[in-house]
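Just so you know, we're using this note's numbering here: the sequence shown kicks off at 1 and counts up by one.
These aren't lab readings, by the way, just hints derived from the structure by calculation.
Incorrect hints may have been included.
Unchecked claim - Here are the computed distance ranges between Cβ atoms for each label pair:
hint, residue 1, residue 2, range
1, 157, 68, 41 to 51 Å
2, 52, 138, 45 to 55 Å
3, 99, 9, 16 to 26 Å
4, 49, 343, 32 to 42 Å
5, 99, 292, 37 to 47 Å
6, 159, 66, 13 to 23 Å
7, 261, 66, 29 to 39 Å
8, 51, 291, 15 to 25 Å
9, 129, 15, 16 to 26 Å
10, 9, 197, 33 to 43 Å
Every residue gets a Cβ at the ideal spot worked out from N, C-alpha and C, and that includes glycine.
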Amino acid sequence: MVTVLTQEAKDELRAIAAAIVAPGHGILAADESTGTMGKRLDNIKVENSEENRRKYRQLLLTGDDSIASSLGGVILFHETLYQKDDSGELLVNHLKKKNIKIGIKVDKGVVKLLGTDDETTTQGLDGLGERCAQYKKDGCDFAKWRCVLKITEHTPSPLAIMENANVLARYASICQQHRIVPIVEPEILVDGGHSMERCQHVTERVLAACYKALNDHNVYIEGTLLKPNMVTPGHDCPQKATPAQVAEATVTALRRTVPPAMPGVTFLSGGQSELQATANLDAINRSPLFRPWALTFSYGRALQASVLKAWQGADDKVPNAKQVLAHRAKMNSLASIGNYDQKQDGVEAGAAEQSLHVQNHQY
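Between the sequences and the hints, there should be enough to build the whole structure, so can you do that?
Right, here's the structure in full:
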């Protein structure tokens, strides 16, 4: 007997995806693992304790209601889903009250792919169905799974592209069986000196493979979201690209590979500075090319760098840090509808213009 999604399940998945990428809305990616959160806290000389992580996530999730006009969803790490605020209320309840969808990181990190030039795949399929069932009961409506590919002279290899596409498709299929919208994230790292043309070529190959695999696994495309890299030159490439050039290359790559049925593209920031990530997103949404999907943001570092700098681990600086988060979310909300004006951004240039690139970035 063939297992298929019911119409009721499809309707629910489609509605969740549409709500996350409603006009002017994007995603706050706050799903850093304990180790990665430690690196963030180290930068502001704050100890990586569970209490400090709780305090910081509380800052992110308990802003005033205005942030609901910019955020359709927040991706959480497992620990945060069950943490409570100072009054004993679950942190996620603050999102539910604002009708912001709750997402969860479900992959278990990257592992080496044997027989390749230091390429990787992502683990975590074992027991994923049971975890998804529990996460759905605990209020999660969408999930994220990150695969990583890198551009060198010999990579990504056909094996790495195929393996990661199939892992993403299997994850997506399992999520949908539990009425959880899967965010498909095939991140092509910005590490290296490759040209923008090379990045576009690789992006197209990877996305084409992903959508073939998703179709092969009978994934309901209308109930998914895509989280890709923007098409940019490598971090060490001497030729830099303007936002307009990034927009043309990125939208062209998507048009060649992504089905119009897929509701939304939620770009990762990939180490761009906060200002860069916002300006590039704005240019993408001003592109004259036909764009059948919502094109918005799913930023971690590019929404949090200035917030961490404003907070510094101090309780008395929490209100200001919340304002900084709301501001960056609003700027990206405007960019997601092509209505951002950098002259009116008014950010502290020090944090917002700083490169957030991390070599071989791990979550």
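Checked hints:
{"no.": "1", "hint": "157 <-> 68: 41 to 51 Å", "in the structure": "43 Å, holds"}
{"no.": "2", "hint": "52 <-> 138: 45 to 55 Å", "in the structure": "24 Å, violated"}
{"no.": "3", "hint": "99 <-> 9: 16 to 26 Å", "in the structure": "21 Å, holds"}
{"no.": "4", "hint": "49 <-> 343: 32 to 42 Å", "in the structure": "41 Å, holds"}
{"no.": "5", "hint": "99 <-> 292: 37 to 47 Å", "in the structure": "25 Å, violated"}
{"no.": "6", "hint": "159 <-> 66: 13 to 23 Å", "in the structure": "47 Å, violated"}
{"no.": "7", "hint": "261 <-> 66: 29 to 39 Å", "in the structure": "33 Å, holds"}
{"no.": "8", "hint": "51 <-> 291: 15 to 25 Å", "in the structure": "44 Å, violated"}
{"no.": "9", "hint": "129 <-> 15: 16 to 26 Å", "in the structure": "22 Å, holds"}
{"no.": "10", "hint": "9 <-> 197: 33 to 43 Å", "in the structure": "41 Å, holds"}
Consistency note: the structure conflicts with the earlier hints numbered 2, 5, 6 and 8.
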